[in-house]
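S.K.: Based on the provided sequences and hints, a complete structural model is requested.
Number of protein chains: 2
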Amino acid sequence: MGRHGLVIHGGAGVTLPEEVSPEGRRACRAKLVQAIDTGYAVLDRGGPALEAVVAAITVLEDSRLFNAGSGSVLNAEGVCELDAALMDGVTLRAGSVAGLRHVKNPIALARAVMDKSAHVMLIGEGAERFAGRVGFPLVTNDELQTARRIEELAREKHSGKKPGKLGTVGCAALDKSGNLAAGTSTGGLNNKQFGRVGDSPLVGSGTYANNATCALSATGEGEYFIRVCAAHDVSALMEYKGLGLEEAAQAAIDKVQKLGGLGGLIAIDRDGRVAMPFNTVGMYRAYRRSDGSSLVAIFDGPEPAA
Amino acid sequence: MGRHGLVIHGGAGVTLPEEVSPEGRRACRAKLVQAIDTGYAVLDRGGPALEAVVAAITVLEDSRLFNAGSGSVLNAEGVCELDAALMDGVTLRAGSVAGLRHVKNPIALARAVMDKSAHVMLIGEGAERFAGRVGFPLVTNDELQTARRIEELAREKHSGKKPGKLGTVGCAALDKSGNLAAGTSTGGLNNKQFGRVGDSPLVGSGTYANNATCALSATGEGEYFIRVCAAHDVSALMEYKGLGLEEAAQAAIDKVQKLGGLGGLIAIDRDGRVAMPFNTVGMYRAYRRSDGSSLVAIFDGPEPAA
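Same order as they appear, the protein sequences are chains A and B. Heads up, the first sequence is in our numbering, so the first residue is 1401 and it goes up one at a time. Heads up, the second sequence is in our numbering, so the first residue is 1401 and it goes up one at a time.
Simulated from the structure, these hints should not be mistaken for lab results. Warning: the hint list may mix true and false statements.
[To be verified] Just a few of them, taken from the derived set where beta-carbon distance is under 7 Å, the chain B residues facing chain A:
1) G1499
2) R1501
3) M1521
4) G1524
5) A1527
6) F1536
7) L1538
8) K1641
Fair warning: this is a prediction, and the values are worked out from it, not measured in the lab. Backbone N, C-alpha and C fix where the C-beta goes; we use that ideal spot for every residue, glycine too.
M.R.: This is the structure we're talking about:
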């Protein structure tokens, strides 16, 4: 086929356009572009989708702007607890980590679980002990925290509202060989209960990839995405019901909405089609493809790439 | 409809018939019957499927015979780490717990997560802190351990073989109101890596229930069941492709097998049909239905209920 490309998100559920400062918006847009370009470079030189996904997500994890890696939201006890998953559409191999407190790049650890362990999912202290064994530097939780997130937690605790800010970052890619891969990384919900795991690290809920159908990553109120197995559902609707990517992706978001949930997802199929449905005010998202098409957008109206 | 019934498993992957002592076989059979009768009594008096599932699984968790609750296998560090999930087919609500070391009945805690938290999944210390808060007595890990499992771990560590014994217990039920529910509880793999989570507590992988299709619980090499989203796949094959329960259940096990995985699952649909496919030497399993039909079996040939 030769066509290649990738699509990313930096979280759904952003506040109203007027509540986002022009500077914040600019910084996030620039980081989305950097992430998509980083992943695209991997694909363009013939690299595997899996590597492009990890490269793009790593940029977002390191940015301190999104709710993943450094700069993640804090749980109710003021601690960053990070989750991630990665899946290879060729082999259906997957790696998943949850409840990390001392790992800077959860997506890289998810890859190590996939490549270097006999397991798919490792959690908490056991996952971090594995990280140490395969050579990941462990950081203090303070190194993951930012002043902005500490303030957000204080505000939410004071207001007594339920966890508000959503977030999460994710990527789905199609490489020159026609292989698909997807990954997701998150700090979960602001003010979440200690030990809470959402859909992001769960294969079939927040992340799925299958060369027969598509690759995708979800974002939003994870509990709803888990209950409908949103990520696998998109794949199943394509494989068993013959739906196209866009229709299948929208159907999954509709199911989440029917249960009362908010969120969105980004997906790419084996022909390079892209879908990015969401039922929130906005979703940070971007894509870039080998046919020259690209997009960077936050709210409903698409904002063409600079 | 009025028809009701339930199906349970006590794990797939048992050793060859001649390696199971007649006493052990008898004890396991008796416990399966007790579990199925306990769950059936709930259904027969008009109780909800969800309650029947928890009741049946609790009997197996407390038996010290199966790999769930008390008497679970030990991880590579000689510690019991328990996982469970529960799902309600009416509302698609679910509760999931993983990495527990101090909770005697993980299935009951999964129910509490579903009923009393805003989340679907809680892991490790956070899950146990929640357990304490909602009134669960916490036990020492020693209280969960049995001499037999300590010996099994020593034997496996000595032989250097990969984790062998499978296990897990699960139940799927249809109540008089036509509602479905499913649950799974496990100690995971003998000699597993610290922090490893298999398919059992993952909604859509080892456990799923949807009134529109079926309720089911899987057992076996969880990594493979996660990668194909086995539990949700059965439901999707029925809903989107129009397969019957038996055909859909078999298709999911075939996918697991194609990747090289071993295991089985038990399922019941909204008409009370039961499926129990497995690709291992045996699977501890039993069912009982309101039409008077019942079965208790371990190996391939069905062993009629006593």
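S.K.: Confirm or reject each hint.
M.R.: Status of the hints after comparison with the structure:
no.: 1; hint: G1499; result: holds, 5 Å
no.: 2; hint: R1501; result: violated, 11 Å
no.: 3; hint: M1521; result: holds, 4 Å
no.: 4; hint: G1524; result: holds, 4 Å
no.: 5; hint: A1527; result: holds, 5 Å
no.: 6; hint: F1536; result: violated, 14 Å
no.: 7; hint: L1538; result: violated, 14 Å
no.: 8; hint: K1641; result: holds, 4 Å
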